[in-house]
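Enquirer: Take a look at the letters that make up each chain.
Protein chains: 2
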Amino acid sequence: MTQATTQASAGATARPFFEQHREILKRALQAIAERSYWSAYPESPSPKVYGEGAAAEGEAAFRALLGKDFPLDQPGTTGWVASESSPFGVELGVRYPHPDVDALVAAAQAGMPAWRDAGPQARVGVCLEILHRLHRNIFELANAVQFTSGQAFVMAFQAGGPHALDRALEALAYAYAEMTRTPTKADWEKPAGKGEPLRMTKTFHVVPRGVALVIGCNTFPTWNSYPGLFASLVTGNPVVVKPHPRAVLPLAITVRTAREVLADAGFDPNLVTLAAEEPGEGMASVLATRPDVRIVDFTGSTEYGEWLEANARQAAVYTEKSGVNAIIVDSTDDFAGMCRNVGFSLTLYSGQMCTTPQNILVPSSGIATDEGHKSFDEVGAGIAGAVSKLTQDPGRAVELTGAIVNAGVLQRLDRARGIGELVLDSQAVAHPAFADAVVRTPLVVKLGAADEATYGSEWFGPISFLIATGSTEESLDVFRRTISAKGALTASVYSTDEKVLDAAEQAALDAGVHLSCNLTGGVFVNQSAAFSDFHATGANPAANASLTDGAYVANRFRIVQSRRHR
Amino acid sequence: MTQATTQASAGATARPFFEQHREILKRALQAIAERSYWSAYPESPSPKVYGEGAAAEGEAAFRALLGKDFPLDQPGTTGWVASESSPFGVELGVRYPHPDVDALVAAAQAGMPAWRDAGPQARVGVCLEILHRLHRNIFELANAVQFTSGQAFVMAFQAGGPHALDRALEALAYAYAEMTRTPTKADWEKPAGKGEPLRMTKTFHVVPRGVALVIGCNTFPTWNSYPGLFASLVTGNPVVVKPHPRAVLPLAITVRTAREVLADAGFDPNLVTLAAEEPGEGMASVLATRPDVRIVDFTGSTEYGEWLEANARQAAVYTEKSGVNAIIVDSTDDFAGMCRNVGFSLTLYSGQMCTTPQNILVPSSGIATDEGHKSFDEVGAGIAGAVSKLTQDPGRAVELTGAIVNAGVLQRLDRARGIGELVLDSQAVAHPAFADAVVRTPLVVKLGAADEATYGSEWFGPISFLIATGSTEESLDVFRRTISAKGALTASVYSTDEKVLDAAEQAALDAGVHLSCNLTGGVFVNQSAAFSDFHATGANPAANASLTDGAYVANRFRIVQSRRHR
Numbered sequence: 001m002t003q004a005t006t007q008a009s010a011g012a013t014a015r016p017f018f019e020q021h022r023e024i025l026k027r028a029l030q031a032i033a034e035r036s037y038w039s040a041y042p043e044s045p046s047p048k049v050y051g052e053g054a055a056a057e058g059e060a061a062f063r064a065l066l067g068k069d070f071p072l073d074q075p076g077t078t079g080w081v082a083s084e085s086s087p088f089g090v091e092l093g094v095r096y097p098h099p100d101v102d103a104l105v106a107a108a109q110a111g112m113p114a115w116r117d118a119g120p121q122a123r124v125g126v127c128l129e130i131l132h133r134l135h136r137n138i139f140e141l142a143n144a145v146q147f148t149s150g151q152a153f154v155m156a157f158q159a160g161g162p163h164a165l166d167r168a169l170e171a172l173a174y175a176y177a178e179m180t181r182t183p184t185k186a187d188w189e190k191p192a193g194k195g196e197p198l199r200m201t202k203t204f205h206v207v208p209r210g211v212a213l214v215i216g217c218n219t220f221p222t223w224n225s226y227p228g229l230f231a232s233l234v235t236g237n238p239v240v241v242k243p244h245p246r247a248v249l250p251l252a253i254t255v256r257t258a259r260e261v262l263a264d265a266g267f268d269p270n271l272v273t274l275a276a277e278e279p280g281e282g283m284a285s286v287l288a289t290r291p292d293v294r295i296v297d298f299t300g301s302t303e304y305g306e307w308l309e310a311n312a313r314q315a316a317v318y319t320e321k322s323g324v325n326a327i328i329v330d331s332t333d334d335f336a337g338m339c340r341n342v343g344f345s346l347t348l349y350s351g352q353m354c355t356t357p358q359n360i361l362v363p364s365s366g367i368a369t370d371e372g373h374k375s376f377d378e379v380g381a382g383i384a385g386a387v388s389k390l391t392q393d394p395g396r397a398v399e400l401t402g403a404i405v406n407a408g409v410l411q412r413l414d415r416a417r418g419i420g421e422l423v424l425d426s427q428a429v430a431h432p433a434f435a436d437a438v439v440r441t442p443l444v445v446k447l448g449a450a451d452e453a454t455y456g457s458e459w460f461g462p463i464s465f466l467i468a469t470g471s472t473e474e475s476l477d478v479f480r481r482t483i484s485a486k487g488a489l490t491a492s493v494y495s496t497d498e499k500v501l502d503a504a505e506q507a508a509l510d511a512g513v514h515l516s517c518n519l520t521g522g523v524f525v526n527q528s529a530a531f532s533d534f535h536a537t538g539a540n541p542a543a544n545a546s547l548t549d550g551a552y553v554a555n556r557f558r559i560v561q562s563r564r565h566r
Numbered sequence: 001m002t003q004a005t006t007q008a009s010a011g012a013t014a015r016p017f018f019e020q021h022r023e024i025l026k027r028a029l030q031a032i033a034e035r036s037y038w039s040a041y042p043e044s045p046s047p048k049v050y051g052e053g054a055a056a057e058g059e060a061a062f063r064a065l066l067g068k069d070f071p072l073d074q075p076g077t078t079g080w081v082a083s084e085s086s087p088f089g090v091e092l093g094v095r096y097p098h099p100d101v102d103a104l105v106a107a108a109q110a111g112m113p114a115w116r117d118a119g120p121q122a123r124v125g126v127c128l129e130i131l132h133r134l135h136r137n138i139f140e141l142a143n144a145v146q147f148t149s150g151q152a153f154v155m156a157f158q159a160g161g162p163h164a165l166d167r168a169l170e171a172l173a174y175a176y177a178e179m180t181r182t183p184t185k186a187d188w189e190k191p192a193g194k195g196e197p198l199r200m201t202k203t204f205h206v207v208p209r210g211v212a213l214v215i216g217c218n219t220f221p222t223w224n225s226y227p228g229l230f231a232s233l234v235t236g237n238p239v240v241v242k243p244h245p246r247a248v249l250p251l252a253i254t255v256r257t258a259r260e261v262l263a264d265a266g267f268d269p270n271l272v273t274l275a276a277e278e279p280g281e282g283m284a285s286v287l288a289t290r291p292d293v294r295i296v297d298f299t300g301s302t303e304y305g306e307w308l309e310a311n312a313r314q315a316a317v318y319t320e321k322s323g324v325n326a327i328i329v330d331s332t333d334d335f336a337g338m339c340r341n342v343g344f345s346l347t348l349y350s351g352q353m354c355t356t357p358q359n360i361l362v363p364s365s366g367i368a369t370d371e372g373h374k375s376f377d378e379v380g381a382g383i384a385g386a387v388s389k390l391t392q393d394p395g396r397a398v399e400l401t402g403a404i405v406n407a408g409v410l411q412r413l414d415r416a417r418g419i420g421e422l423v424l425d426s427q428a429v430a431h432p433a434f435a436d437a438v439v440r441t442p443l444v445v446k447l448g449a450a451d452e453a454t455y456g457s458e459w460f461g462p463i464s465f466l467i468a469t470g471s472t473e474e475s476l477d478v479f480r481r482t483i484s485a486k487g488a489l490t491a492s493v494y495s496t497d498e499k500v501l502d503a504a505e506q507a508a509l510d511a512g513v514h515l516s517c518n519l520t521g522g523v524f525v526n527q528s529a530a531f532s533d534f535h536a537t538g539a540n541p542a543a544n545a546s547l548t549d550g551a552y553v554a555n556r557f558r559i560v561q562s563r564r565h566r
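Here the protein sequences line up with chains A and B, keeping their order. As numbered in this note's numbering, residues 1 to 566 make up the first sequence, in order. As numbered in this note's numbering, residues 1 to 566 make up the second sequence, in order.
In isolation and in its complexed conformation, chain A is listed as follows (with noise of 0.2 Å):
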């Protein structure tokens, strides 16, 4: 009884958040079925689109979070911790609550079955109101991510902000799809010769799995969290997030905003609750591991994403982990837009990227170009070059590099530039804004095809191999092999020759990769397009799943149906 009445009352104030975002709902699964161009939330961060005061406003609401204990009422708490250091050298000191993992969990499970007999138009109706709650106070949430990441200005906005919402949405549509192509009510009636025909009314109900944990990572706490998030919530399951010791902030906003509007609509915030910990303690594991923890989604380390894939096999594991992107250089017909394509790609956010290519496979005799043959080393400087033209002066150079994340990366760029001969070194940049932000920018070392030991694993930073084959065909095979063993979230080719091109894109289909061809204009690899590019295959180790897409979605519930004679 208590539940059909939770039910009632919460179903007439979530209603009214389903009407209110019917549109965009109905646009968003327009766009997965058309996957051409769409976006629902502006990327620009332009006065002119979010207003005069909203940047100043948003840096304002961030700064007063600082230093303080960040406001969550829910249940369970221990005590504090303040984990953070922003790459910049800001100091955060923002304090958030510790939780006793029993204590959460359970909470989360209270309000489970309301939320569930709810629906699927109650439920995306309150995730499209928490999405729009987000993108109201967009510029908080930008500099939450600019200062936990070390990702530049531009990048945190359109990043962690519109293009991470744009991401939540297209997810929401997927399950929205997926919950609604089965009938809530069906009539069947079976003829039965000359008798009177079998009638029955079935009933089909969509049920969540359990708690989902969402195991957010440092460098992108959004963008990687929001399509599990809010495919887990929307399909009926209570969520607990774990972010990330040292990028907590961004995930505190967010849960504090889905928990505002839970309770606006009648529903138990604890639906979704924060799960922050000391650096090192375990929790991911801890929760992750436990027999009512039916969904994890995790992005980071092929170590740890294996891990859950071996050890949490209660639930449905979504984890997107290391890879060995490439680029195979053929020929092209434009060499310079090639080279500040490819070096633009190396130096957004220093190589920070799972989508920053790694490899550039390159035939020592050269290639040919519009600008005549080039030889390997001449490519190498092309792109070097363009890499130098972008980081030269460093007021520029930040705002593309941002800051370098944590100790790790720095310490892996040192190992990198002993491993062989340098195409590019890199270059420490002095912030013009923050003094104590570590900046450096991408580093180039020469290899062949025969180290594969070195160029066959993840280097992640501002690591890249330029790499010298026999041939395009020696490419190609390196390109299969390498990313048929360690995965790729990216993969490209230039080549002014079809027939190569053609054999690249059978590479990319034996591999299991996203595949761009001649990138030389606005369009980068390491960028992908929600309601069009999809991130990751889930066909090669980089991945075992897709943002966003049918097979995404599917499993975080199920259909029990009943059935009685009319």
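Watch out, some of these pointers could steer you wrong.
Pairs count within a copy or across copies, as identical chains cannot be separated in the list.
Restricting the straight-line Cα-Cα distance to at most 25 Å, the calculated cross-link-like pairs of lysine-lysine (PhoX-like) are [as the list claims (entries may be wrong)]: (1) Lys26 / Lys185; (2) Lys389 / Lys499; (3) Lys48 / Lys185; (4) Lys389 / Lys446; (5) Lys486 / Lys190; (6) Lys48 / Lys68; (7) Lys26 / Lys446; (8) Lys446 / Lys486; (9) Lys26 / Lys68; (10) Lys194 / Lys68; (11) Lys26 / Lys190; (12) Lys26 / Lys499; (13) Lys48 / Lys194.
Bear in mind the hints are in silico, worked out from the structure with no lab data behind them. Given the structure is predicted, the values throughout are model-derived calculations rather than measurements.
Position chain B relative to chain A; hints supplied.
Expert: Just chain B now, kept in the frame of chain A:
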């Protein structure tokens, strides 16, 4: 280049199959969206439906296979195995090719690129033609199912023939919808302020996971194997079919037919192969744990299903396992109808269905009925009487019970006889047509709610428990607890009280089991109708997936995209 040529020639032949079966696919797509009554293949074996000679011809075709090498020209054959032993005591003696597993898997993989590149339409056309040809020889298949599973003829015909084909078609429809929800091409045009828009063409490929393994069961060799087999095949994966050593023939016929159609369409017939083995050889485990086997479908014991889930970690594993199906008896307005219906459910195929009710929960104080109050013992006597009526005439009895599928069931039956007071003893029945058939009628044992150590596990076979509970409330507790812990494929409730029906529905949602209410006529809890009822939920331990829904098909392939500027 070879691949491209194969693809072109294959496409030319496969296309007509798609055109030829376009209407049935369209109708199936409508059916899965409506989930109301529809069936593509008539379930009546009547000559009026299938023609005068069909039954005799099919039986003759079946008999012509006995005692011979089964005609399968697949590669890697190292010898021949005859492992079947008919529950009807009929000598089968069919010899099947025993494969070298390495050679079989290598052969399976060879045809994959051309099958992948042919696309969803060509593949679904081929799969629909396979169903069409299986249907054309449906009596041959029905005989094969009857004499390997021990099902009576009509059931073998229906469940093993048209119903299995319906489930296969249902899986094809879901898979086709899933593959085609993403367009093959999309134009992407992103506004770029005052500049030229960014314009790209994106191509989306359906890419299979790899070799798929289907592990068949003894009791429903076709019905339980077809959804996985066809869902994997149509999404581009080669399929290795590993039949139960005692029920090879129905799947050998299926593989033969699939290979014929593949060859006719210009594809590599080795995309579907049979992996027959000696009993106890363990070929399923060898196959399931190979790195190149990427999908496993299994029906059988919880023990082996859990072993697969734990060990075939490189694969997407879909399992249907054991469970403790339950009936809650609270009250009824049709006592005779209830007893008839439950009695029929217990008798059908001697309780050897994964859907047969095991635990009948009745308040010890009895229940209200249209015939007045009935004590606990009177409820037991009513059900026992209904079973006796159905089984008293041997000729009629065997048409319901069929034969006992293997010695394990008999041993379990003997063991069950000793654990409590008998409500109904199991009887041996002399089969009028097959002197060596082992036939047994249902056993019903009386237990108390405290005997959970006994009724909390599956007793596969003609074994059910009439369990005295303190009240319907306790029945609901037992129901929720046992099904949450051990799973169930079916559940039902009898009550005239809407509140009890609602409570049972809530319990079913919590335990994640499909519920049938007040079945007193011609629909039985152990039967599910393709295109309307889902089989299993994937939400309790009896199965990690449902036949057949979006989640069942969506992860059998991945989308790999390429993009280039226009």
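Enquirer: For every hint, state whether the structure bears it out.
Expert: We went through each hint and held it up to the structure:
no. : hint            : verdict
1   : Lys26 / Lys185  : both (22 Å within a copy, 21 Å between copies)
2   : Lys389 / Lys499 : neither (33 Å within a copy, 74 Å between copies)
3   : Lys48 / Lys185  : neither (48 Å within a copy, 34 Å between copies)
4   : Lys389 / Lys446 : within (20 Å within a copy, 85 Å between copies)
5   : Lys486 / Lys190 : neither (53 Å within a copy, 33 Å between copies)
6   : Lys48 / Lys68   : neither (33 Å within a copy, 81 Å between copies)
7   : Lys26 / Lys446  : neither (50 Å within a copy, 56 Å between copies)
8   : Lys446 / Lys486 : within (20 Å within a copy, 58 Å between copies)
9   : Lys26 / Lys68   : neither (41 Å within a copy, 60 Å between copies)
10  : Lys194 / Lys68  : neither (77 Å within a copy, 44 Å between copies)
11  : Lys26 / Lys190  : between (35 Å within a copy, 20 Å between copies)
12  : Lys26 / Lys499  : neither (41 Å within a copy, 37 Å between copies)
13  : Lys48 / Lys194  : between (72 Å within a copy, 15 Å between copies)
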